[in-house]
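*Asks:* Read off the chains here:
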Amino acid sequence: MRNEFAEAARHEVANSQLRANIRNATHTIRAKREEAVAEVPDWEQLREAGRRIKERTMRNLDRHLEQLERSVTAAGGVVHWATEAADANRIVGDLIVGAGAREAVKVKSLATDEIGLNRALAARGIEARETDLAELIVQLGEDRPSHILVPAIHRNRGEIRELFRRTLPGNEQLTDDPAELAEAARRFLREKFLSAKVGVSGANFAVAETGTICILESEGNGRMCTTLPEVLITVMGIEKVLPRFADLEVMLQLLPRSSTAERMNPYTSLWTGVTPEDGPREFHLVLLDGGRTKVLGDADGRAALHCIRCSACLNVCPVYERTGGHAYESTYPGPIGAILTPQLTGFTQGNSLPWASSLCGACYEVCPVKIDIPSILIHLRSRINREVDGYGGGGERLAMGLLARAFARPGRYERAQRFGRWLSRPLTREGWISRRLPGALGRWTDVRDLPAPSAETFREWWAQRR
Amino acid sequence: MRIALFTTCVADTLFPGAGIATVELLERLGHQVSFPRAQTCCGQMHLNSGYEAHALNIARSFVEVFDDAEIDAVVAPSGSCVAMVRDQYPGLVARAGDLRLQAAVARLVPRTFELSEFLVNELGIVDVGAYYPHRVTYHPTCHSLRLLRVGDAPLRLLRAVRALTLIALDDAQGCCGFGGTFAVKNADVSTAMLADKMRAIQATGAEVCTAVDSSCLMHIGGGLRRERAGVRVVHLAEILASTEAA
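Chains as they are written, first to last, in the numbering used here: chain W, 1428 to 1893; chain E, 7 to 252.
Everything labelled a hint here was simulated from the structure, so no lab data went into it. Even for Gly, the Cβ is constructed at its ideal location relative to N, Cα and C. It is possible that some hints are incorrect.
[Claimed, not checked] Derived CB-CB ranges, DEER-like:
# : chain 1 : residue 1 : chain 2 : residue 2 : range
1 : E       : Gly-157   : W       : Gly-1597  : 54 to 62 Å
2 : E       : Leu-172   : W       : Arg-1490  : 52 to 60 Å
3 : W       : Arg-1429  : E       : Arg-106   : 39 to 47 Å
4 : W       : Leu-1864  : E       : Arg-34    : 34 to 42 Å
5 : W       : Gln-1472  : E       : Gly-157   : 14 to 22 Å
6 : W       : Gln-1600  : E       : Asp-177   : 39 to 47 Å
[Claimed, not checked] A few chain E residues that face chain W, going by a derived Cβ cut-off under 8 Å, partial list only:
#  : residue
7  : Phe-21
8  : Ile-26
9  : Thr-46
10 : Leu-53
11 : Gly-56
12 : Glu-58
13 : Phe-72
14 : Gly-135
15 : Tyr-137
16 : Leu-153
17 : Gly-183
18 : Asp-194
19 : Val-195
20 : Arg-231
21 : Arg-232
Extracted from the complex, chain W is given alone in its bound form (with noise of 0.2 Å):
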């Protein structure tokens, strides 16, 4: 099996540009999530009311979206069952061509991203246009989201100026300034808010008993794009779902703050089916399943669904601090990305990933739903392992079944290491060896020196001393 992100990452960290934008924007972000969840005396309660919830809801999952179902129905609301990404992505065209629409504003959603609904409405010639200000400047420079939460974190503004002057009409003089910047496309996208007939979005919540939805943004254009248009059609995956509309107390305290460090949420819209006179007329809940139900049937695995996309992770990852999102080649980067990835699809992508980590831990101490990624990882490593392909290759098996073999037996141990410490004599000056050594060792030594087995080891001594 190859090693992709072991490759991709070869090619980001030594991008000096990039590796300066990221390491500005996550430690900048990192600084004030502290601050913003140090003021908060309860937090950690708050942390584990909120897992609680999440581990809770996925126990009976099937009974809480039949719940959902029946209360967006009630409220007049039209749901979709989609097994696959293909299955909502017909879905989503077919009631945007009924609608008589061959266009479409939409709010940022990673749902949508994940089953790739720009590129397959595209084919039926229905334009989808990201309104998310990160959003429209991946989508306008043909790019891919690098993050999350801040999709364009990988641009700076010099960056952003130019695909501007290229790309939006009428801006040929606008300078690198942030509020020129943005009012270049406020002006593009008033427009397409005020023409569009179909608005689509994500979800970051759905109460299953109120059948409300609710969405978090820091801009207003995702509001825009739930209440301007006449059909609005949000694509939620699964695991989205909360019991009850007080779990928003919990949800709407962690996100906010382990996200953006905002002690509250600029925008949040919560709606309920169709009211008459007042936003859509039509109201179409799209629930995805994608890979979800089979995650969530491995006991060690599912608490990746736990997520509430909050990319904390990302920001302290020292790994995503390093490569940026585009080396995961997914939609979830970073370290809930690599547990999530290679699961969502069912092992068929994403399977390096789960390697892509140093296993530090910082990922896990500032998860507001307590998922322990770093556990995971470690699971997923053997289950891939197991299942799919010897990741480490013949050699690597070999090797680790020889040192667990002698790890088993402490006779067999002693002679491991005189073996290593003849093999290694010739290399060894001072007690490293500063070689380059064939195979695995070899990344290793390409960069740092490398300890050489003890003249002496610590049981000889020991064994000397009695």
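Following the hints, position chain E against chain W.
*Replies:* Below, chain E without anything else, positioned relative to chain W:
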């Protein structure tokens, strides 16, 4: 106290000084130290590399060696290996469904300690009578920090060492990029992390970088040696074992 030393395979084979210092220090403090000869490794490398079945076998022999009523505490000069026992063993043996092994792990977990937390939290000692006339910076290793939560125990021990100048490390809690096989499987990212760590260490002007894990020190030290940086790595146990006499 009757203390069984788990020296760890890394210290036993590559850095025996850390194990020797642990013995000398604990004996100096008046404790009885044993070294169960049948010990080898905790199995962390196998578990973290995705070889759970091998890890379980290794864990089984570890438990057999150290589950001994004659031992009051198992102490290791490593945060990472102790975290393997305390954090990972319970889940590992539970998944194996071996009830006797589970019971033995449950007995072992509350008695297994990393050296610095053992000194400060269990023995209640901060000043171990050490003397170390050098400029030192301390790197908190990820597993001692986030899994064991040793907190400032190593720093308190270092502050009490006579003649030692302690210099704070910038972005100290950032991982050094070791991560076991991560260092070779994702060598480019690991190197980028190591470069930042070495830059921070060199900016302190210290002669010595210390930590509670030989494995992280092997990574940092290997990088510093290659750069002829003029900073050496020394395990915390070796600093604490140093006295004016020696």
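*Asks:* Could you work out which of the previously given hints the structure breaks and list their numbers from low to high?
*Replies:* 13, 14, 15
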